[in-house]
Structure formats: structure tokens, C-alpha cells
Amino acid sequence: MSRVGPERIVCLTEETTELLYLLGEEDRIVGISAYTVRPPRAKEEKPRVSAFINGNIKRIKELNPDLVIGFSDIQAQLAHDLVKEGLNVLVTNQRSLEEIFQTILMVGGLIGKSTEVIRLVESYRKRLEEIRSRSSSKPKIRIFFQEWDQPIITGIRWVSELLGVLGAEDCFSYLKEKSLAKDRIVTFHDVAESKADAILGSWCGKPVDFDWVRSREEWKDLPAIKKNLIFEMDPAIILQPGPALFEEGILELERILDKARASI
Numbered sequence: 001m002s003r004v005g006p007e008r009i010v011c012l013t014e015e016t017t018e019l020l021y022l023l024g025e026e027d028r029i030v031g032i033s034a035y036t037v038r039p040p041r042a043k044e045e046k047p048r049v050s051a052f053i054n055g056n057i058k059r060i061k062e063l064n065p066d067l068v069i070g071f072s073d074i075q076a077q078l079a080h081d082l083v084k085e086g087l088n089v090l091v092t093n094q095r096s097l098e099e100i101f102q103t104i105l106m107v108g109g110l111i112g113k114s115t116e117v118i119r120l121v122e123s124y125r126k127r128l129e130e131i132r133s134r135s136s137s138k139p140k141i142r143i144f145f146q147e148w149d150q151p152i153i154t155g156i157r158w159v160s161e162l163l164g165v166l167g168a169e170d171c172f173s174y175l176k177e178k179s180l181a182k183d184r185i186v187t188f189h190d191v192a193e194s195k196a197d198a199i200l201g202s203w204c205g206k207p208v209d210f211d212w213v214r215s216r217e218e219w220k221d222l223p224a225i226k227k228n229l230i231f232e233m234d235p236a237i238i239l240q241p242g243p244a245l246f247e248e249g250i251l252e253l254e255r256i257l258d259k260a261r262a263s264i
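Residues in the sequence shown are numbered from 1 upward in steps of one, following full-length UniProt numbering.
Just so you know, the hints here were simulated from the structure itself, not pulled from any lab data.
For glycine and all other residues, C-beta sits at the position ideal for the given N, C-alpha and C.
A portion of the hints provided could be inaccurate.
[Claimed, not checked] Pair ranges (Cβ atoms, derived):
id : residue 1 : residue 2 : range
1  : Asp221    : Asn64     : 57 to 67 Å
2  : Ile185    : Asp211    : 14 to 24 Å
3  : Leu180    : Met106    : 17 to 27 Å
[Stated by the list, open to error] Quick list of in silico lysine-lysine cross-link-like pairs, PhoX-like style, CA-CA up to 20 Å:
id : residue 1 : residue 2
4  : Lys259    : Lys227
5  : Lys195    : Lys140
6  : Lys226    : Lys140
7  : Lys206    : Lys182
8  : Lys227    : Lys140
9  : Lys227    : Lys206
10 : Lys227    : Lys195
11 : Lys178    : Lys138
12 : Lys259    : Lys138
13 : Lys195    : Lys126
14 : Lys61     : Lys84
15 : Lys138    : Lys195
16 : Lys140    : Lys58
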């Protein structure tokens, strides 16, 4: 019996790779992003054909994929170049938790795994509700989530939503509807005025510079700075819009917030 959907898939970002491995369909993957870390064995088993913005068009074509899957407007030019080469390309733009769930369902449906991804998404929804319930009585806490340092970029929508699930307040929640990173740039003054109880950094592509955060004269009076409540999360489990968020990210975020609450 023949399988449903594409048999040779290039994944330009990690979340699709992780999903296909979770579904036991990793043999369909013929190329991955160099930034892939989940699951760890993917880097050992699959050729790396792209960064995030750029990709090796020649190498991708040589793999003869019947589908290339990417994520976000940032990959628009790469997607454009691949389409011009005659390849089938799917680029998703999920920003909210609900959009992430719908994308998981869509990708699963493409490969004939609708039943499995429905079950997977239901388990993730249940986990979020369980965490929301146990967080509802915890003290409120204001979080400045920092995606980048120069310029200062605050958290994408799904991060803001996860903070809400955990009973925390995103200091810049009014920017969560902004899908583009350039529209979530804030100033030192904005951060200084945020009254953040804790700072949580996840700088995509490099480690958080704790000394840089602590030494900013502009926000030295923040409660977070005075109490040295500065934390870091691995971007692979919080800035990837896929299974990692629900498999590990939300639990690590809960642990960090509980630690911060205990110090306030």
C-alpha cells in the first residue's frame, strides 16, 4: 500500500523536522536546516542544506524533493528562489499558539497522519490547560522577554501567550500582534519603564550576555536588575513554533517563573 503525500521533503526550519521524527516519518526527510538541534540525531542522519535566511539552492535541487517546507516571511526570498527553480514550496507563517496547532495538523494531514497529529495536538492542549490551572493561584509576575540585544526585540506572540498561560504578564504584550521582529523593537527607556520583575532572554543565534544586561545604565532601577533575576532559555525550545514548545519549552518556562517568584 502506497503512502500518502510527499516522499522527499526538505525542511528549512527545525520544527517540521522534529514533527516528522515524532510521527515516525523521518525517512521522508532528505534535507534539513543547519540550525536543527531537535532531535539530536537528525544532524547525524540528514544533510544540512540551509541556514535560516539562505539555502544552498543547487544542493536542494540535487536532492530532488517533492516538497520544501519553510517558515515565516524571513524565508520569503529563499522560497521565491526555490519556486523559480520549479520546486514545490510550502511556507507557513504561524505566530500564535492556535496557528502552531493548525500548522501541525496541516503538515500531518499532508503525509496521511491526521489521526496521529490530532491526538498530538489534543495532548498539547491538555498540557497547556493543566499548566494554566496550576498557575492560576500563583503570584503575578511581570516578565521582559528579550529575543535580541541590539536592537532590543521583545517576544513573539506565542511566547507572550505562553507567559499568560503561566499566570505571568508580558511587559510588552501590546506588541504581540506584530508578526515582524522589526515591529517589536523597544528602547532602553521602554524597558526601564516596564517595571519588569524578571528578564528572560533567548537570543536566537547567540548566548545571552548577562554582563551586558546587568550593566545597562538605562534600566539599572528595574526590579529585575536590582534582584538579579535574569534568566536564559534555549531558543530551540521557545523560539521554534512546533513540538519543542510543548514537549519541553513550556515546562522549562514554568520552572524559571517559579524560581523568579520565589525570589520576589
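* Proposed proximity, Lys140 with Lys227 (alpha carbon, max 20 Å) -> Measuring from Cα to Cα gives roughly 17 Å; hence the hint holds.
* For the pair supplied as a hint, Lys259 and Lys227, confirm whether the alpha-carbon distance does not exceed 20 Å. => holds, 12 Å
* To do: Measure nothing beyond the straight line between the CA atoms of Lys178 and Lys138; if it is 20 Å or shorter, mark the hint as holding.
  => violated, 29 Å
* Lys227 and Lys206: Cα distance at most 20 Å? -> Violated. Lys227 to Lys206 sits at ~24 Å, over the 20 Å cutoff.
* Asked: When you check the alpha-carbon spacing of Lys195 and Lys140, does it fall within 20 Å?
  -> Answer holds: Lys195 to Lys140 is near 13 Å, not above 20 Å.
* Asked: Are the Cα positions of Lys259 and Lys138 separated by 20 Å at most?
  -> holds, 12 Å
* Distance restraint between Lys226 and Lys140, which requires alpha-carbon spacing of 20 Å or less -> holds, 18 Å
* Holds or violated: Lys195 with Lys126, Cα cutoff 20 Å? -> This hinted pair is violated, its Cα atoms lying about 32 Å apart.
* At the C-beta level, are Leu180 and Met106 separated by a distance inside 17 to 27 Å? -> holds, 22 Å
* Given the proposed pairing of Lys227 with Lys195, does the C-alpha separation stay at or below 20 Å? -> OK: Lys227 and Lys195 at ~12 Å, within 20 Å.
* Is Lys140 within 20 Å of Lys58, Cα to Cα? -> Not OK: Lys140 and Lys58 at ~52 Å, beyond 20 Å, violated.
* Mind checking the alpha carbons of Lys138 and Lys195 for me, to see if they're no more than 20 Å apart? => holds, 19 Å
The structure does not agree with the numbered hints 9, 11, 13, 16 stated previously, though it agrees with the rest.
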